[in-house]
Amino acid sequence: MEFLWEGLLAITWKQVVMYLVGAALIWLAIKKDYEPALLMPMGFGAILVNLPFSGVLNQTMAGVGETNGIIQWLFEIGIEASEAMPLLLFIGIGAMIDFGPLLSNPKMFLFGAAAQFGIFLTIVLAALLGFDIRDAASIGIIGAADGPTSILVSQVLKSNYIGPIAVAAYSYMALVPIIQPLAIKAVTTKKERAIQMEYRPAAVSKTTRILFPIIVTFIAGLVAPASVSLVGFLMFGNLIRECGVLNRLSETAQNDLANLITLLLGITISFSMRAEQFVNWQTLMIMALGLFAFIFDTVGGVLFAKLLNLFSRKKMNPMVGAAGISAFPMSARVIEKMGIAENNQNHLLMHAVGANVSGQIASAVAGGIVLGFFM
Amino acid sequence: MSEQVMKNLIEAAGIMGKGMLGIFVVIGLIAIVVYLLTKVGNKGN
Numbered sequence: 001m002e003f004l005w006e007g008l009l010a011i012t013w014k015q016v017v018m019y020l021v022g023a024a025l026i027w028l029a030i031k032k033d034y035e036p037a038l039l040m041p042m043g044f045g046a047i048l049v050n051l052p053f054s055g056v057l058n059q060t061m062a063g064v065g066e067t068n069g070i071i072q073w074l075f076e077i078g079i080e081a082s083e084a085m086p087l088l089l090f091i092g093i094g095a096m097i098d099f100g101p102l103l104s105n106p107k108m109f110l111f112g113a114a115a116q117f118g119i120f121l122t123i124v125l126a127a128l129l130g131f132d133i134r135d136a137a138s139i140g141i142i143g144a145a146d147g148p149t150s151i152l153v154s155q156v157l158k159s160n161y162i163g164p165i166a167v168a169a170y171s172y173m174a175l176v177p178i179i180q181p182l183a184i185k186a187v188t189t190k191k192e193r194a195i196q197m198e199y200r201p202a203a204v205s206k207t208t209r210i211l212f213p214i215i216v217t218f219i220a221g222l223v224a225p226a227s228v229s230l231v232g233f234l235m236f237g238n239l240i241r242e243c244g245v246l247n248r249l250s251e252t253a254q255n256d257l258a259n260l261i262t263l264l265l266g267i268t269i270s271f272s273m274r275a276e277q278f279v280n281w282q283t284l285m286i287m288a289l290g291l292f293a294f295i296f297d298t299v300g301g302v303l304f305a306k307l308l309n310l311f312s313r314k315k316m317n318p319m320v321g322a323a324g325i326s327a328f329p330m331s332a333r334v335i336e337k338m339g340i341a342e343n344n345q346n347h348l349l350m351h352a353v354g355a356n357v358s359g360q361i362a363s364a365v366a367g368g369i370v371l372g373f374f375m
Numbered sequence: 001m002s003e004q005v006m007k008n009l010i011e012a013a014g015i016m017g018k019g020m021l022g023i024f025v026v027i028g029l030i031a032i033v034v035y036l037l038t039k040v041g042n043k044g045n
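Protein chains in written order, with the working numbering: chain A, 1 to 375; chain B, 1 to 45.
Hints are not guaranteed to be accurate.
[Unchecked claim] Below, simulated DSSO-like cross-link-like pairs (lysine-lysine); rule was C-alpha separation at most 30 Å, straight line:
(1) A/Lys158 - B/Lys43
(2) A/Lys306 - B/Lys39
(3) B/Lys39 - A/Lys107
(4) B/Lys39 - A/Lys314
(5) A/Lys314 - B/Lys43
(6) A/Lys206 - B/Lys7
(7) A/Lys185 - A/Lys14
(8) A/Lys306 - A/Lys107
(9) A/Lys107 - B/Lys43
(10) B/Lys7 - A/Lys315
(11) A/Lys191 - A/Lys337
Please keep in mind that the hints were generated in silico from the structure rather than gathered at the bench.
Could you build all of it, start to finish, from the sequences and the hints given here?
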């Protein structure tokens, strides 16, 4: 009868911690609606992979040899071998994004670049805290505010902390409405937050919309070749959307493909949430560094807008700079809400959306540039 | 601070400088091309 409680007796305290982490993620997803499509599968997966002798992981059976576990297999094939899952998700994301507000106001591109500052500052801080340079680079990419980019970069760099990095990236993306207002208020005055911006978008032709993804891929590919897979797949999705002759594929990429990959990505990434890898001090440090990255992305965007204001007659609301992070559309919504809070006529949404979609491109470029340093 | 940490720190600082420069170059180039495209497109209309 020993087999009945063999599993129970094999549970370690670290696995108990992971059950609690899994339960917390499920609670955040269901009760707080924080990135439920990712945090719920990750939370449930965290429980699955931490059950003793779990059948979702490869196991060695007497007289049979090694048997495949589904989550380990999905991870090895879908993420470790090819980074296929995060990249395929990029096609869906590209198909979902309307770059119109950015194309009609190209100045907003710069905020996407400025708001990647947190990534690089965090890499320095992580290195200072003693992380290996590859791990430090992977941790910094949490500041891309883009789950698939974080997973891809940390996987390519063979980081030891893919699990905590993915959890931090998705958790803080969900917490953007809490993190950004605090960071913005710390570096702006009430008067600056009340600056009104006129919205006069230039007309964007269909040709521009079609050429845009091709040009972005060329420029990013030539200057930062390592970003081609990320930027290229994002832009491929966008080209499908904008070309006008692939509406069915565009719909599929936006809905079926993105949903299917999202469904599998969360539970697959839980492979890296095994107790022996996850329960350590480094995980707590990574969570703190991820928060640091998000805060300094925001600060970087805001300060850059303030810098531009020194040289321009038409002042910009510096809060728009904070929308240059990739968390779309949460960040743009936060800026709109904060603008209205200061002055009920202060609608910043379209400017912020422009900066926000620029952040989508800039974060993928940042991921590629970071990878380029190790190629 | 150990020698390895110091080495990593210097490398990280290099990544920061070159990385931010790289992003601004890529995004700046894209912004210029888009601006020109929009101008040409609007003139055509």
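Cross-check of the supplied hints:
1. Proposed proximity of A/Lys158 and B/Lys43 is contradicted: the alpha carbons are some 50 Å apart, above 30 Å.
2. Only pairs whose Cα atoms come within 30 Å are accepted, and A/Lys306 paired with B/Lys39 is accepted, the gap being roughly 27 Å.
3. Restraint check for B/Lys39 and A/Lys107: the C-alpha separation of about 14 Å stays at or below 30 Å, so the hint holds.
4. Straight-line distance between C-alpha atoms of B/Lys39 and A/Lys314 comes to about 21 Å, which keeps the hinted pair within the 30 Å bound.
5. Taken as a hint, the A/Lys314 and B/Lys43 pair is honoured in the structure, with Cα atoms around 25 Å apart against an allowance of 30 Å.
6. Restraint check for A/Lys206 and B/Lys7: the C-alpha separation of about 50 Å exceeds 30 Å, so the hint is violated.
7. Restraint check: the Cα-Cα separation between A/Lys185 and A/Lys14 comes to about 39 Å, which exceeds 30 Å; the hinted pair is violated.
8. With a CA separation close to 14 Å, the supplied pair A/Lys306 and A/Lys107 stays within the 30 Å bound.
9. About 19 Å separates the Cα atoms of A/Lys107 and B/Lys43, which keeps this hinted pair within 30 Å; it holds.
10. Under the criterion of a C-alpha separation no larger than 30 Å, the hint pairing B/Lys7 with A/Lys315 is inconsistent with the structure, at around 42 Å.
11. Taking the CA atoms of A/Lys191 and A/Lys337, the gap is about 16 Å. The hint holds against a cut of 30 Å.
In this structure, the earlier hints numbered 1, 6, 7, 10 are contradicted, and the remaining ones agree with it.
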